[in-house]
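> Single-letter residue listing:
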Amino acid sequence: MPKQQANWSPYDNNGGSCVAVSGADYCVIAADTRMSTGYNILTRDYSKICKLADKCVMASSGFQADVKALQKHLAARHLVPLKIQIYQHQHNKQMSCPAMAQLLSNTLYYKRFFPYYSFNVLGGLDNEGKGCVFTYDAVGSYEKVGYSSQGSGSTLIMPFLDNQLKSPSPLLLPVQDAVTPLAEAEAVDLVKTVFASASERDIYTGDKLEIVVINADGIRREHMDLRKD
Amino acid sequence: MFRNQYDTDVTTWSPAGRLFQVEYAMEAVKQGSAAIGLRSKTHIVLGCVNKANSELSSHQKKIFKVDDHIGVAIAGLTADGRVLSRYMRNECINYSFTYESPLPVGRLVVQLADKAQVCTQRSWKRPYGVGLLVAGLDESGAHLYYNCPSGNYFEYQAFAIGSRSQAAKTYLERRFENFADSSWDDLVKDALMAIRETLQGETLKSSICTVAVVGVGEPFHILDQETVQQMIDAFEVVGEQEGSAAEPDAAAGQEAAAEQGAAAADQGGSTDECVAPMDI
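As you go down the protein sequences, you meet chains A and B in turn. Numbering (numbering that gives the first Met the number 0) for the first sequence: 0 to 228. Numbering (numbering that gives the first Met the number 0) for the second sequence: 0 to 279.
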């Protein structure tokens with residue numbers, strides 16, 4: 000009797016793309032707002048971006064139910080102590096981006112054998128106010144980079160970012176600065192361009208672009224229309 | 000009051016129907032440094048006296064943020080208070096995780112009270128030695144509760160606990176009728192004056208007291224030292240006009256409202272110490 004395959008999957012892919020770019024004193028995180036399943040669109044106005052702390056924002060693509068659960072877990076700091084709010088209570092300050100990065104990694108690995116189908120980019124400012132971007136796989140492997148993209152459009156977006164930003168590898172010695180030399184306005188423009196291009200060829204990316212910019216003044220949100228087809 | 004033969008176990012009743020261990024726990028609250036709370040329709044102010052053991056040490060933390068809409072001031076065994084505020088924080092976090100809305104403070108105090116009650120009915124436990132003034136907002140407005148080690152809780156318009164709290168209570172009794180419509184500034188000023196009453200002549204400085212506020216549109220936060228000192232300076236200039244009132248009639252001043260019809264009368268001596276704490 001040949002092995003039976005499951006005809007039900009606990010996962011689904013809701014598509015979409017996320018991008019994060021960091022600079023000397025800012026960080027830009029962007030994601031499209033289209034949520035799809037199969038070849039259908041569920042909604043054109045769904046935010047994939049979640050604010051985790053004062054200067055730390057996460058964008059996730061993949062299975063949005065898992066993304067939502069992950070966001071709740073991080074933001075709500077559920078059963079296991081040392082999650083975000085408990086951290087804030089005990090340490091009396093907001094969690095820094097690098098601390099959050101480790102927390103997210105641990106949270107993802109906790110479900111190593113039934114993973115969150117969530118492909119994340121974490122962006123924000125570190126303790127010194129420098130922009131930082133962390134990129135993850137579904138089970139928590141992460142690294143600090145100058146820029147990253149995840150999701151259905153990442154195969155189209157990443158090579159373009161590599162071409163424009165050419166961030167040095169974090170494995171190089173001596174350790175080189177990962178942040179991009181671009182100014183904040185240029186980085187935002189780059190992100191808009193990148194999504195406009197991705198929307199042309201990736202059917203799961205489009206509708207609207209949500210951009211979040213974190214800098215010393217705080218967090219600012221922008222929107223831009225993308226192709227709706 | 001001390002040295003009874005029925006006071007070894009918390010699970011031993013006295014022939015007069017009292018649980019002495021519980022009453023002793025309430026004594027511990029009275030020994031702690033003062034904490035006061037007062038509320039208007041939209042805001043609650045918590046204040047406490049923060050004296051360090053010596054010049055070398057730091058102050059003990061007596062006011063804790065539990066959630067954006069709830070804070071607590073403690074008097075008594077501060078270690079017990081810390082543990083209970085951690086419990087409260089967890090409860091708030093779990094509730095808002097499940098229901099995506101803030102835990103109503105009325106529910107939290109019941110959970111706290113039930114937790115305290117357990118310790119009065121287990122032979123291997125001891126009652127918590129800390130009194131909690133819980134300040135919180137819910138849909139019906141601003142609330143101030145007092146949780147006893149006995150497991151009782153009461154809602155108050157204004158209250159004070161800890162050592163020399165009677166002086167503060169007297170002050171609050173005289174003024175509480177005006178609190179409901181007080182402005183933010185007036186409420187904080189009244190809190191500082193009440194704290195001053197407990198200091199018995201010592202100068203009120205922002206370095207020995209802590210004040211926290213929570214209100215509609217204002218998440219719970221502890222006021223920084225400068226703001227507090229400014230407010231102290233402002234009313235010191237006006238001058239203190241209050242004479243010392245000689246009335247220990249605590250019952251007149253407090254608006255006690257036990258929510259679930261807790262049989263407050265049944266516990267005799269121990270409840271009296273909660274509703275109308277008078278020095279015995």
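These are computed hints drawn from the structure, not numbers from a lab. We treat Cβ as the ideally placed atom computed from N, Cα and C, and that holds for glycine. There's no promise every hint is true.
[To be verified] DEER-style ranges, computed between Cβ atoms:
1. K124(B) with L171(A): 56 to 64 Å
2. Q93(A) with K60(B): 36 to 44 Å
3. N93(B) with G37(A): 50 to 58 Å
4. G128(A) with V215(B): 53 to 61 Å
5. S182(B) with T154(A): 19 to 27 Å
6. K50(B) with N126(A): 43 to 51 Å
7. D11(A) with G216(B): 53 to 61 Å
8. R226(A) with Q229(B): 34 to 42 Å
9. Q229(B) with Q93(A): 45 to 53 Å
10. K165(A) with A51(B): 51 to 59 Å
11. G217(A) with S57(B): 27 to 35 Å
12. K40(B) with R226(A): 47 to 55 Å
13. G216(B) with G217(A): 26 to 34 Å
> For every hint, state whether the structure bears it out.
Okay, the hints, checked on the actual structure:
Taken as a hint, the range 56 to 64 Å holds for the pair K124(B) and L171(A), whose Cβ atoms sit roughly 59 Å apart. The hinted window of 36 to 44 Å between Q93(A) and K60(B) is violated, with their beta carbons roughly 19 Å apart. In this structure the hint that N93(B) and G37(A) lie 50 to 58 Å apart at CB is violated, the actual value being about 36 Å. Evaluation of the 53 to 61 Å hint for G128(A) and V215(B) yields a failure: the beta carbon distance comes to about 34 Å.
A beta carbon spacing of about 60 Å between S182(B) and T154(A) contradicts the range 19 to 27 Å that was offered as a hint. For K50(B) paired with N126(A), a C-beta distance near 34 Å fails the hint of 43 to 51 Å. One distance hint, 53 to 61 Å for the beta-carbon pair D11(A) and G216(B), is violated here, with the actual separation near 40 Å. Evaluation of the 34 to 42 Å hint for R226(A) and Q229(B) yields a failure: the beta carbon distance comes to about 57 Å.
Remark: the range hint 45 to 53 Å for Q229(B) to Q93(A) is contradicted by a beta-carbon distance near 26 Å. For K165(A) paired with A51(B), a C-beta distance near 56 Å keeps the hint of 51 to 59 Å intact. Between G217(A) and S57(B) the beta carbons are some 32 Å apart, a value that agrees with the proposed interval 27 to 35 Å. Restraint check, K40(B) to R226(A): a C-beta distance of roughly 53 Å satisfies the suggested window 47 to 55 Å.
Judged by the Cβ atoms, the range 26 to 34 Å given for G216(B) and G217(A) is violated: they are separated by roughly 19 Å.
Violated hints for the displayed structure, listed by number in ascending order: 2, 3, 4, 5, 6, 7, 8, 9 and 13.
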